[in-house]
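For the sequence shown, position 165 (counting from the first letter as 1) is numbered 165 according to full-length UniProt numbering, and the numbering increases by one without interruption.
Hint data in this document are derived by calculation from the structure and do not stem from the laboratory.
Here a beta-carbon is modelled for each residue, glycine too, at the ideal position from N, C-alpha and C.
One thing to keep in mind: the hints can contain errors.
Calculated pairs, DSS-like style, for lysine-lysine (alpha carbon to alpha carbon, straight line, at most 25 Å) [stated by the list, open to error]:
(1) 268 to 37
(2) 179 to 268
(3) 195 to 37
(4) 329 to 391
(5) 179 to 194
(6) 195 to 267
Pair ranges (Cβ atoms, derived) [stated by the list, open to error]:
(7) 181 to 286: 48 to 56 Å
(8) 161 to 6: 20 to 28 Å
(9) 275 to 65: 40 to 48 Å
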Amino acid sequence: MYKRLGLSNTEIALYTSWLYLPWTIKPLWSPFVDLVKTKRSWIIAMQGLIAAGFAGIAFFIPTPHYVQLTLAFFWLMAFSSATHDIAADGFYMLGLNNKEQSFFVGIRNTCYRFANIFGQGILVMLAGWLETSHGNVPMAWSITFYLMAGLFLGLTLYHRFILPHPASDVKRPGLTPGKLLEDFFKTFVTFFEKKNLGLMFFFLLTYRLGESQLAKIASPFLLDGAEQGGLGLSTASVGVIYGTIGVAALLIGGIISGFLVSRDGFKKWIIPMALAINLPDLLYVWMAAATPDNLLLISICVAIEQLGYGFGFTAYMLYLIYIADGEHKTAHYAIGTGFMALGMMLPGMPAGWIQEHLGYTNFFIWVCVCTIPGILASWMIRNRLDSSFGKKR
Numbered sequence: 001m002y003k004r005l006g007l008s009n010t011e012i013a014l015y016t017s018w019l020y021l022p023w024t025i026k027p028l029w030s031p032f033v034d035l036v037k038t039k040r041s042w043i044i045a046m047q048g049l050i051a052a053g054f055a056g057i058a059f060f061i062p063t064p065h066y067v068q069l070t071l072a073f074f075w076l077m078a079f080s081s082a083t084h085d086i087a088a089d090g091f092y093m094l095g096l097n098n099k100e101q102s103f104f105v106g107i108r109n110t111c112y113r114f115a116n117i118f119g120q121g122i123l124v125m126l127a128g129w130l131e132t133s134h135g136n137v138p139m140a141w142s143i144t145f146y147l148m149a150g151l152f153l154g155l156t157l158y159h160r161f162i163l164p165h166p167a168s169d170v171k172r173p174g175l176t177p178g179k180l181l182e183d184f185f186k187t188f189v190t191f192f193e194k195k196n197l198g199l200m201f202f203f204l205l206t207y208r209l210g211e212s213q214l215a216k217i218a219s220p221f222l223l224d225g226a227e228q229g230g231l232g233l234s235t236a237s238v239g240v241i242y243g244t245i246g247v248a249a250l251l252i253g254g255i256i257s258g259f260l261v262s263r264d265g266f267k268k269w270i271i272p273m274a275l276a277i278n279l280p281d282l283l284y285v286w287m288a289a290a291t292p293d294n295l296l297l298i299s300i301c302v303a304i305e306q307l308g309y310g311f312g313f314t315a316y317m318l319y320l321i322y323i324a325d326g327e328h329k330t331a332h333y334a335i336g337t338g339f340m341a342l343g344m345m346l347p348g349m350p351a352g353w354i355q356e357h358l359g360y361t362n363f364f365i366w367v368c369v370c371t372i373p374g375i376l377a378s379w380m381i382r383n384r385l386d387s388s389f390g391k392k393r
């Protein structure tokens, strides 16, 4: 959206990377969700705020100060979404028994991927169609966000009546702010007492060092014209290629990696996963140098890169589970996801500035150089992994 509204790559990467911050620091306020109301109440309230955020963005897109005002509502949505994630994870465990949780985990992940296709694919295609048919870019995106606001309002009302009321979804008895802070600091301290702490952070912050920058610039590269070094695709085409075909390939990659790890264990596949998430970045170097205009060829390149990303990202999630094992497993996993978001936020912030100074071809070469630390970190942790971890028993 911001690219079509005229923002530079520097501004887009910087502003949107900051939106990772709520996901980075959400472990700091996640315990307080237990103090106020129920998980069900938090879910409904946050969905309502997200609907309001969509409406606010839609209203202010056609205005002169759209950047500041839409970003303010994106910040509201980011904090609401992070809080919703906290409540939804807890509600999932409270509303389902262990057998049901195992059954629905695959369905839950599939729905998450379909949401990605809807958000990055279908909505972008809709906005692109509206741009073409009406010739008004701000109005096209405004209509798209109004539709999203209506959809989320409908889902909020639906969940208000349809979500169950688990008997265990209550405020924890005897929980006081003082006790909460005591438990929180104890949990936080024990996370930083884990073995091989330096290597752990090296992996968490570098495994996606290249991908975190590529993700910020991939769409602007596809949209920019040949005079800027891009491929000059339409908004609708980007929605099809990156948001639909790409996300579908990402989903397939995740399914394949999950099957292989369950068969052979995480240790055997961590290096192939590290290579899979990083080596396909070379395709963007080729596309920037060759500037192909064949949509099928571009689609294949994007699909291969996203397939590798889906295959390789599984290693990151499995490592989070691996380091979180033990006492305070859930809390330590949440802290780990905070560092995961930090690893996307910090490298993504200067990505636009780097690209505008290097050009697209040299930027993608830089991205490939940035993949080296992540591959090295994967090699370093491999020998410290339990060979049976991840295997289906």
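Hints and how they fare:
no. : hint                   : verdict
1   : 268 to 37              : violated (45 Å)
2   : 179 to 268             : violated (43 Å)
3   : 195 to 37              : violated (37 Å)
4   : 329 to 391             : holds (19 Å)
5   : 179 to 194             : holds (24 Å)
6   : 195 to 267             : holds (18 Å)
7   : 181 to 286: 48 to 56 Å : holds (53 Å)
8   : 161 to 6: 20 to 28 Å   : violated (42 Å)
9   : 275 to 65: 40 to 48 Å  : holds (46 Å)
Of the numbered hints stated above, those contradicted by the structure are hints 1, 2, 3 and 8, listed in ascending order.
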